[in-house]
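Engineer: This is what each chain is made of:
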Amino acid sequence: DSGVTQTPKHLITATGQRVTLRCSPRSGDLSVYWYQQSLDQGLQFLIQYYNGEERAKGNILERFSAQQFPDLHSELNLSSLELGDSALYFCASSVQGERETQYFGPGTRLLVL
Amino acid sequence: GDSVTQMEGPVTLSEEAFLTINCTYTATGYPSLFWYVQYPGEGLQLLLKATKADDKGSNKGFEATYRKETTSFHLEKGSVQVSDSAVYFCALSPHASGGSYIPTFGRGTSLIVHP
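Those sequence lines, one after another, are chains W and Z.
Here the first sequence is numbered in the working numbering, starting from 1 and rising by one per residue.
Here the second sequence is numbered in the working numbering, starting from 1001 and rising by one per residue.
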């Protein structure tokens, strides 16, 4: 158990819909990362937050957004969903966010029908 | 930008065979290097890491040495077990002085170990 929790574990929705994925980092970790894992694209870094502020942005679509709240949990919002958004979404956390080990949650499996 | 290239799988071995999974990287500055492992149905977990040139990371019989001259971080194990079957990811985390915090992962190498 990494100490990172993600909810929900599975999510099935329809094209055009909007969903919110939630992540609680390990106690004491200030940095949260979001990743998308699919068979054809591998593990893609989406975005990183550090202590409530956006620190780094990767291959995140404009339809996707994220935030980190004062209690340090984070949410990833996916809107106008397309079939191609079906994937595993991982959250990870680390203490500060620079050159550190990341601790991954179990992931949310999203299926868009 | 930074990049990580690792050998494509699947790598199929018999139990007690020697394992090597190659990983090379490009990055500015002095990144930290990692190997993560993902078991079926789970998230990634750290296997080992190295933070500077010539460092050797090791864990559970796995080893990797940070080679700056060849920009490589190859994963090795002398005798694999069936329980080592998983997907292995090579990754780097840049030094912020290079202007980037973006971590970079390889595409993963699937390892299958037969009894």
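A hint or two may mislead.
Computed Cβ-Cβ distance ranges for the label pairs, DEER-style [what the hints assert, rightly or not]: (1) W:53 with Z:1022: 14 to 24 Å; (2) Z:1081 with W:69: 40 to 50 Å; (3) Z:1009 with W:61: 42 to 52 Å; (4) W:73 with Z:1083: 44 to 54 Å; (5) W:17 with Z:1058: 22 to 32 Å; (6) Z:1069 with W:53: 22 to 32 Å; (7) Z:1069 with W:17: 49 to 59 Å; (8) Z:1041 with W:20: 20 to 30 Å; (9) W:65 with Z:1012: 17 to 27 Å.
Reference listing, derived: stretches of chain Z covered by chain W, where coverage requires no fewer than 3 residues with Cβ under 8 Å from a Cβ of chain W [said to hold, decoys possible]: (10) 1038-1048; (11) 1073-1086.
Hint data in this document are derived by calculation from the structure and do not stem from the laboratory.
Beta carbons: idealized from backbone N, C-alpha and C, even for Gly.
Engineer: Could you check the structure against the hints above and give me the numbers of any it violates, in ascending order?
Structural biologist: As far as the earlier hints go, 1, 3, 4, 5, 6, 9 and 11 are violated by this structure, in ascending order.
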